[in-house]
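> Residue numbers (our numbering), protein chains in the order written: chain A, 3 to 279; chain B, 7 to 153; chain C, 62 to 771.
By construction, these hints were calculated from the structure, which means they are not laboratory data. Predicted model, so just to flag it, every value in this text is computed and none were measured. Hints may be right or wrong, so weigh each one.
To be verified - Okay, the calculated beta carbon distance ranges per label pair: (1) A:V157 with C:K195: 38 to 48 Å; (2) C:D646 with A:Q185: 28 to 38 Å; (3) B:A15 with C:M88: 19 to 29 Å; (4) A:R173 with C:N706: 33 to 43 Å; (5) A:K252 with C:L138: 55 to 65 Å; (6) B:K58 with A:S258: 47 to 57 Å; (7) C:D182 with B:K16: 57 to 67 Å; (8) B:G36 with C:D117: 40 to 50 Å.
As the list claims (entries may be wrong) - Calculated pairs, DMTMM-like style, for lysine to aspartate or glutamate (alpha carbon to alpha carbon, straight line, at most 25 Å): (9) C:K305 with A:D129; (10) B:K59 with A:E28; (11) A:K20 with C:E130; (12) C:K700 with A:E95; (13) C:K605 with C:D624; (14) C:K305 with C:E130; (15) A:K269 with C:E755; (16) C:K308 with C:D582; (17) C:K67 with B:D123; (18) B:K95 with B:D57; (19) C:K653 with B:E85.
Said to hold, decoys possible - A few chain C residues facing chain B, derived, Cβ under 10 Å: (20) G66; (21) S68; (22) Q83; (23) K165; (24) L168; (25) A285; (26) N668; (27) L692; (28) L715; (29) I718.
Built from N, CA and C at the ideal position, the CB exists for glycine as well.
Letter by letter, the chains look like this.
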Amino acid sequence: MHRLPKDSRVHRGEYEVKVYRAKSVEEALELIENYPDFTLFAGGSDVSVHLQEESIGGLIDITEIESLKVIKLSSKSIKIGALVTINEILESEEVLEHLPLLHKVCETFASHQIRNIATIAGNVINDSPVADLIAPLLVLNATVILSSLESQRVVVLEELFDGFKSLKMDREIVLGFELPIEQGSFYYRKVGARERLNITKLSLVMFRTDDEYRVSGASLNSYVKRFKTIEKLLESSCFSKSELIKAIEKDVSPHSNAEYKKRVLLKMLEEALVEIG
Amino acid sequence: MQIKCRVNAKEMLFDVSPTARVLDVLRDAGFTSLKEGCGGGECGACSIFIDKKLVNSCLLIALQLDGAEIFTLEGLQDETKEIQESFAKGGAIQCGFCTSGFVLRAYEYVKNGGSKDEQAIKEALDGNLCRCTGYQKIVESIEESMK
Amino acid sequence: MKIVGKSVVRVDAKSKASGELQYCDDMAFSGLHAVIIRSSIACGEILSIMYDENFDFSEFTIVDYKDIEGENRNPILLDDQPFLVEKHVRFIGEPILLLAHTSKEFLREARKHITIEYREDEPLLKLEKSFAKKKIIFGDDNIYKHIALSRGEKVSQNLLALEKTYETSHQEQLYLEPQSMLAFYRESGIKIVGSMQCPFYVESSLESLTGEKIEVEQAPTGGAFGGKEDYPSLMAAYVYLLSKKAKKDVKLVLSRSEDIAYTPKRHPAKITLKSNFDESGKIHSLEAKILLDGGAYATLSPVVLARIVLHIAGFYEIGFIDVDAYALATNTPPNGAFRGFGAPQALFAIERHLDDIARAVGISSSEVREINLPTQETKTLTDVTIKEYKNVRNIFQRARERSDFDVKYAHKEPYKGIGMALFMHGGGFVGLGEQDLASEVLLVLNAKGILEIKIGSTEMGQGAMTVLPQIVAEVLGVESSLVFYMPPNTKTSADSGPTVSSRTVMVVGGLLKEAAQKFKDVLGVYEGVDAYKKRVKEYLQTEKRREFRVRYKKPEHINWDEDKFYGNGYSAYSLGCYVAEVEVDRVDFGVKVTNFYAINDVGEIVNPTLAEGQVEGGVTQGIGYALYEQLVYENGAIKNPHISNYVTPMAADLNKIEIEFLNTHESSKGLGELPVDGVAPAILNAVSYALDIECDSLPLTPERLEKLCR
């Protein structure tokens, strides 16, 4: 038996970190209701670093709920459970075949070791303006399946955010995401300080169907959103460069290095239009 | 909290705070091949296998060890013998602090039938940082071990 | 039997590859952990330190400057840096208090219950403001060191003129093992064990601190690059003081962010070069004004400045050279040693300037260098000729050939460029430094017949513990496994000087050769390894002498006047000519180094694999310096002290470096630092050429490059 550390507040009985392990979604929701000050633990990489600094009353551990770890293909869509890791998404042949954009985004997500820990829900719920997965989920028209004690709801991902760190969830757990299988072409480019293992400087995600352009990108606003002005302009099929620049001004408002990002975004859009028309 | 797991194929019982870092729990138990280079999941020097997945132990908490199968470099000496020799002969080691992490990643990559393409190997090393070697001889040593 | 020149597998390869080797924080330890309480202001005075009376500090060991029995001064050059703040605070992060406890968790808690009240003054943060004496924070003029000298006659009539300013940035060493130090408490005395480059420097600092000689031993060290040249002395002082007070073992390991935020960095420099040259590109005069940011204490700044001055004119034939150089004080963490130690800054300026001159007269980068190559009569700034001048043309031509420079330069493609740098690195300590060090080496024949190398020179990844035995074994004509390098310990090792300045193979190796010869002489005649072993066995039975020492003697040809800054700056110079090919991304302005040629002249190569490793590692750090690594300072503090946002190149960013070593029949010269020196100018010359712009400051990040192109 290894006891460590011998000398800590926990071992002195000064406080105790209670852990409750949920084996089902219902159990998790009950625990959240009964212990509102406990921290939800889903195994991802964002929470553990904070846990070193703060004293917490307890943890609700949902990492054992198997139903949250499934990728399911149906005729119209793919459902990805909240706790599916990035590497699991990369290993999925269904995703590779039907959602190649998502596969591509996952390839350059953080690093190999982090891709084994990070989850799709974790990246979305952390709601960072530089989050890699929110933009592709938005342009793929992903819906989020949420569950509270009372009910389940399905919401278009876009409706969950409307500003910096303004995630609209109330005593709910994300069960997963549903992505429709659509015909279309895509463009993805991520700009980082180096080839791999980056905090995204900016990214452009574009999905084009027969009648729609869906455009988004990370690290260009205080939260990740669709670029509606740009979309409309592209759909009008005839526009000038200066109109595109104006549309960028409307849709994008970076916190830092704004000029650089806007100019690079313009070039990325031009590149995207060459690649997917 | 009492946590039961297997480390390097041996049963281990820990009595620690559930939020203690796995990096600290394992290093305090004597598994010092894993190192703290950054504490933030950026350098890979703390890499371990948990349930067959290579992860940064600095990002895991003790709670996640419960019922898990852990392997550190200490418990994979036979399996990594070839990679170790290749690294030694190939000049892939200088100060050695990053080496444990690279050995585990290289071993996993080769075992999983990774591509022999040089760029693919480099991209596979996206979670491991080295400041001494410039990575060249690490990549060459991995290529050499795949021959 | 030839051992030198063989790629002997490094002695510590197995223990490192298996993960067995124990570094400082891996060693069994059951004592107290330590933390440093640091200032949160950049300039001012401590008014009070208050301990929350509702927090139980009784279990904690607390140390402040009053616990220092000797001098509260770390003895380096100007001796101006205290171990702990007494009253005046000069930079954010300056150590004030030390705390120790068995629990790291409790230490984290305790910090929150100590309140320090300051009287805050306006800090002096900008180099130019320090030079302009907008505020005085050191002496009466902010100047740690001023070097001004001139050589030759200025000619400027009928000549073209060019004046440009080049700026280099801070750079973090980012050794993967953070600063770590242990103090073991014994009745017989405290023993210090830790991650360090210079155990005898640590011993000397502790002597200043305590008045006593304390035993210091180097633990396996996970990288250093100069960042562990002087800082470990402070680390050792802190664990010593806590250990003495608590009468327990103490360990201090810095977190990565603390290490980045507060330990010494590469000095930023602002260098203005004014040159006069004719239409063919021949330079007739060069005037250099150099401003070096030393941070809040002088520490090593005077020597860094000296190296910049001695490298600023490159190795070119220039009739008139005038240098006015200042190392200045600012209220930022003191800067210090990092591989290159001033040479990267100086060579960045002069090598960019050569290309700027080429551009001004419309000739190529290689032509401008060819016209200005030195001859054997060329005099340096310090008015001597250098024997390596005869090798400069050769390395220059070889790099040109190997990289196919002229053809590629002529066939320019959009967004692609090629650039070169021709440079040198003076090995060993400047001037009479080696004489002052008076290094000594010691070989000891042990009872098993193994010859032990017992010196203060340290293994930090560069391979000293493998190549030094090779050097000794070569003299004896045996395999290097019969010579064993012992971990440095100040009680039992000879002081061979610090492991810095690319001096280990050249200077210390030279002394070891002499010591080995002394041993060989007493052994008498033998032929082959078996005969050697037999002879050693006999010797052990019949002779008493086991120790063989040699002390450094200044070579005849080194003459140096420190006051006039005149004479042989260095006993030998390593040469480099590096060529970089780059491609700039049209969309995001990222620069990729697509090909790199590193042609080196460092004399005899002891271990080719390890030597290549030094070049590959050094070039990679140079690429980081040129393109990636940026420390953002705001109000005297580093905003990005994390590996996540202090970006270094990784495997996927790098391509193969073509390496050559010339003149390997000459005696060995320093290799450790040379590979960093010429990288940034080669790359920025290439980018400048690729886009027809002038890239004059480091790092050349995509954001900065995009702005330059607007």
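> Does each hint fit the structure? Answer for all of them.
Checked hints:
1. A:V157 with C:K195: 38 to 48 Å: violated, 58 Å
2. C:D646 with A:Q185: 28 to 38 Å: Distance hint for D646 (chain C), Q185 (chain A) holds at roughly 31 Å.
3. B:A15 with C:M88: 19 to 29 Å: holds, 26 Å
4. A:R173 with C:N706: 33 to 43 Å: Hint holds: Cβ distance 34 Å, inside 33 to 43 Å.
5. A:K252 with C:L138: 55 to 65 Å: holds, 58 Å
6. B:K58 with A:S258: 47 to 57 Å: violated, 40 Å
7. C:D182 with B:K16: 57 to 67 Å: Holds - the Cβ-Cβ distance for D182 (chain C) and K16 (chain B), about 59 Å, lies within 57 to 67 Å.
8. B:G36 with C:D117: 40 to 50 Å: violated, 32 Å
9. C:K305 with A:D129: Measuring from Cα to Cα gives roughly 50 Å; hence the hint is violated.
10. B:K59 with A:E28: violated, 29 Å
11. A:K20 with C:E130: violated, 48 Å
12. C:K700 with A:E95: Roughly 42 Å separates the two Cα atoms, so the pair is violated.
13. C:K605 with C:D624: violated, 47 Å
14. C:K305 with C:E130: holds, 11 Å
15. A:K269 with C:E755: holds, 23 Å
16. C:K308 with C:D582: violated, 49 Å
17. C:K67 with B:D123: violated, 30 Å
18. B:K95 with B:D57: Between K95 (chain B) and D57 (chain B) the Cα gap is close to 31 Å, so the pair fails against 25 Å, i.e. violated.
19. C:K653 with B:E85: violated, 36 Å
20. G66: Violated, because the Cβ-Cβ distance from G66 (chain C) to chain B comes to roughly 15 Å (cut-off 10 Å).
21. S68: The hint holds - S68 (chain C) has a Cβ within 10 Å of chain B, the shortest such distance being about 7 Å.
22. Q83: holds, 6 Å
23. K165: holds, 9 Å
24. L168: Violated: closest Cβ of chain B sits about 14 Å from L168 (chain C), beyond 10 Å.
25. A285: OK, holds: A285 (chain C) within 10 Å of chain B, min 8 Å.
26. N668: It holds, given that the least Cβ distance between N668 (chain C) and chain B is near 9 Å, below 10 Å.
27. L692: Because about 16 Å separates L692 (chain C) from the closest Cβ in chain B, which is outside the 10 Å limit, the hint is violated.
28. L715: Because about 6 Å separates L715 (chain C) from the closest Cβ in chain B, which is inside the 10 Å limit, the hint holds.
29. I718: Hint on I718 (chain C): holds, closest Cβ of chain B at ~7 Å, below 10 Å.
Hint violations for this structure: numbers 1, 6, 8, 9, 10, 11, 12, 13, 16, 17, 18, 19, 20, 24, 27, all remaining hints satisfied.
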